[in-house]
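Enquirer: Make the full structure from the sequences, and use the hints.
Going down the list, the sequences are from chains A and B. Note that the numbering used here gives residue 211 to position 211 of the first sequence, counting from 1, and the numbers run on in steps of one. Count along the second sequence from 1, add 359, and you get the number used in the numbering used here.
Simulated from the structure, these hints should not be mistaken for laboratory data. All clues stand as given, with none of them false.
One-sided and incomplete, this derived list gives chain B residues near chain A with beta-carbon spacing under 7 Å:
no.: 1; residue: 451
no.: 2; residue: 513
no.: 3; residue: 548
no.: 4; residue: 755
Below, computed lysine to aspartate or glutamate pairings styled on EDC-like, alpha-carbon distance capped at 20 Å:
no.: 5; chain 1: A; residue 1: 274; chain 2: B; residue 2: 844
no.: 6; chain 1: B; residue 1: 755; chain 2: A; residue 2: 309
no.: 7; chain 1: A; residue 1: 245; chain 2: B; residue 2: 844
no.: 8; chain 1: A; residue 1: 178; chain 2: B; residue 2: 480
no.: 9; chain 1: A; residue 1: 245; chain 2: B; residue 2: 668
no.: 10; chain 1: A; residue 1: 245; chain 2: B; residue 2: 627
no.: 11; chain 1: A; residue 1: 245; chain 2: B; residue 2: 650
no.: 12; chain 1: A; residue 1: 94; chain 2: A; residue 2: 56
no.: 13; chain 1: B; residue 1: 755; chain 2: A; residue 2: 227
no.: 14; chain 1: A; residue 1: 36; chain 2: B; residue 2: 656
no.: 15; chain 1: A; residue 1: 43; chain 2: B; residue 2: 457
Non-contacting residues of chain A with respect to chain B, defined by C-beta distances greater than 12 Å in every case (computed):
no.: 16; residue: 90
no.: 17; residue: 94
no.: 18; residue: 163
no.: 19; residue: 335
no.: 20; residue: 337
no.: 21; residue: 345
no.: 22; residue: 349
no.: 23; residue: 355
This structure is a prediction, so every number in the text was calculated from the model and none was measured. Ideal placement from N, C-alpha and C gives every residue a C-beta, glycine not left out.
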Amino acid sequence: MIREFGADEIDPLAIGAWILGTGGGGSPYLAQLNLKQLYAEGKTCKLMDPAALDDDDYVAVVSKMGAPLVGQERLVDPAHLARAVQVMEDYLGKKFRAIMSVEIGGGNAISPFLAGAILDYPVVDADAMGRAYPEAQMTSFAIGDLQMYPLSLVDCRDNEVVVARAASWKWMERISRKVCTEVGSTSATCKAPRTGKEVKEWGVLHTVTKATRLGRAVLEARAAHSDPIAAVLEHEGGKILFKGKVSDMDRTTTGGFLRGTAVIEGLDTDRGSKLELAFQNEWAVGFRDGEPIVMTPDLICVLDTVSGEAIGTETLRYGQRVTVIALPAPDVLLTPKGLDHVGPRAFGYDLDFKSVFAA
Amino acid sequence: MKRIGIDVGGTNTDAVLIDKSTVLAAVKSPTTSDVMSGVVNSIQRLVKAQGDAPLDIDAVMIGTTHFTNAVVERARLDRVAAIRIAMPAAASLPPMVDWPADLRACVNPLSFMVAGGHEYDGRPLVPLDRDAIRDAAMRIRDAGITAVGITALFSPLTAECELEAAEIVSSVLPEARITLSHRLGRIGLLERENVTLLNASLQSLGQSTVEAFRNALESAGIRAPFYLTQNDGTVVLAEVAAANPVYSFASGPTNSMRGAAFLSGLADGMVVDVGGTTSDVGCLVNGFPREANNIVEVGGVRTLFRMPDLLPMALGGGTIIDPETGKIGPRSVGYRITEKALVFGGDTLTTTDIAVAAGIVEIGDRDRVKHLDGSLVDSLLKGIHQMIEDGVDRMKTSAGDMPIIVVGGGSFLVPHQLAGVSEVVHVEHAGVANALGAAMAQVSGEVDQVFSGMSRDAALAAAQEIATQRAVEAGADLGTISLVDAEDIPIAYLPGDARRVRARVVGTIGTPGMKLVA
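Expert: Printed below as a string of structure tokens:
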């Protein structure tokens, strides 16, 4: 139930996590590089099945927090993630049994491995989103109305903050986001600690394994010169939404988020059509010729048409040839309560959620 | 509308004279050790081919693979000092952390991680540690290094720290040739730093190369505008190119691919460009090189700037084979092939010698390779073909067979049949495809500045207008100008909806510059 996480699993995990990042979560490359550095120094990680957790075990939920664009400059440092966990242990006066990620999408999939390698804690095979989302209340733990505090936040300048209590997940998000923005829109955080029981009940389980397998499928497709996008669709039961060329990209960094719209002009069978993809760190809603055709929580992924490589909201550029696909969301996000937290209205779109996978 | 296109490779100097799209003359000669005499010789041969009539030249376009070759071969690179201004951020991943070990060893960086840099919103991260930079400058001076790359946190938005650091370094070390990251790269500290340090490592080579071209043209009596071709297939003035060799990284292969499309009449397919030192495999889509969507690796280094999607291989006609181990490359005899290769009476076994021994091509004196063991020749030839097959395979995007167009002076190394290839297309003027692509290159105009007090659309329009004006000044015909790309980064901390806009336009040469009368 606890096994060594091999050095050869780092690349597949990163590739799978980047696809599940739905445009956000930050590219896993730097975390991947850090993890390889740690492995090269002789440190290793263990992967723990959630079923191996005792109900009263404590699990640290770590993540980098901030704007992906900032992360590409400030570069994640494993020491800060480990420090956030230690600050939490000091605050609680308790030791953790294991570490997990809040989001499997993007670089944060690797965050618990970075802290785990330094602190010698196993990583739980689960997360709280099954993808990536920009805000703290957009997690399965929030959907389950679990306690949202305390939270520890650490930056590179020796600033350490504990948010002892918050009135709601939204307040926790507002307060911690404010702190994060103040320290430059990038920080290492340890979210509200979870018990083993909570992880087993409300976590999105086995997502580390899922991401690693997805990444392996892409790598194998590339090696065999078969279509990596087809491999992703087959592996995850996804759907192709649009094929085209990026004709405009409008971004703004506000309140610690990267917001904006990408416009994709159709090619091949989509010629003559236009897809507008709105995002807040992650792709949120897609409008085909003005009509909404896909929306959160369905996973919207923009992939390089040729390589199948996921392209993030911060790296998409004019002229790129892309294929937009949708992947099914975890069940917990599709419940009425789930949609309150992560449906289109949670992102300011007055739309009733309709899944592209609905019959 | 006559133009000369010249491509100086590690092995051969190719030149063409074109009138619009008609090839008037094409010549190929070995690159000489001084570069200059080979270029002069090529131009003189072009002139001669036209008889003694006066020859009006509107522009000279030069493409070179010198810079890429240096990185791939891990040779002729300056030792580099890397100053990163970002501490205490980014501490776990030092400069060149993701470079291949052999290249890092070759550039042998003297690295400094100094406190400073900015936040995304323009606030300082921490105060700039000027003493640390001064100290670094003195240690750089003591180490005898002059190539310096400075990368500061968020410098594409706020260049202040890099500019100040450059001033300090210059005051300590006036002869320092400093590359500042904000002038080359985009947001993304490691990739921008990588481009910066590669550019720094190529300073000596950049200057000496452009200087050599200039002298060559002058001694050939040419006073027409002189351009160097760039990664995207356009051209810029040579002086600008000298300071930024990285912008010419892929110009050679880009030009070859555009030349290959022109010569074959094929708009889609793979292109294998076999030079003397390296080969490049690329993919033509609608007559243009497929552009890399993501980070491009140059000699194993991740970079993020505009590049065609290419796979460079250390395989060319001059590639050295170790007779003991049978190892092919990566070093090449380069332009010395006519003295070093066995078939030319030299003492170095090269891929060309193997091709001659196998009877694939007739170059030099075949008797000089008669002594080579037949089975050795066979297995080496197999090895060469395997390298090419692997390269084509890696660049393919589907399992189906595709045509490949073979260009470049070493094209004889490509067999007539390859696994995964529907047809191997050899073309006329294949040896000078790159010079032809250079001669046909368009002029670009670029702008990169902060606009404020206007809407995004107005800022983009203003940027396009300035870029257009610059392209026209550089000789482009206004009527042919089109936008290549435009991108903007909002700068939240400045008032008035400020944004940094980069725009690039291209157009064909319209207004003739000064004329050459030869």
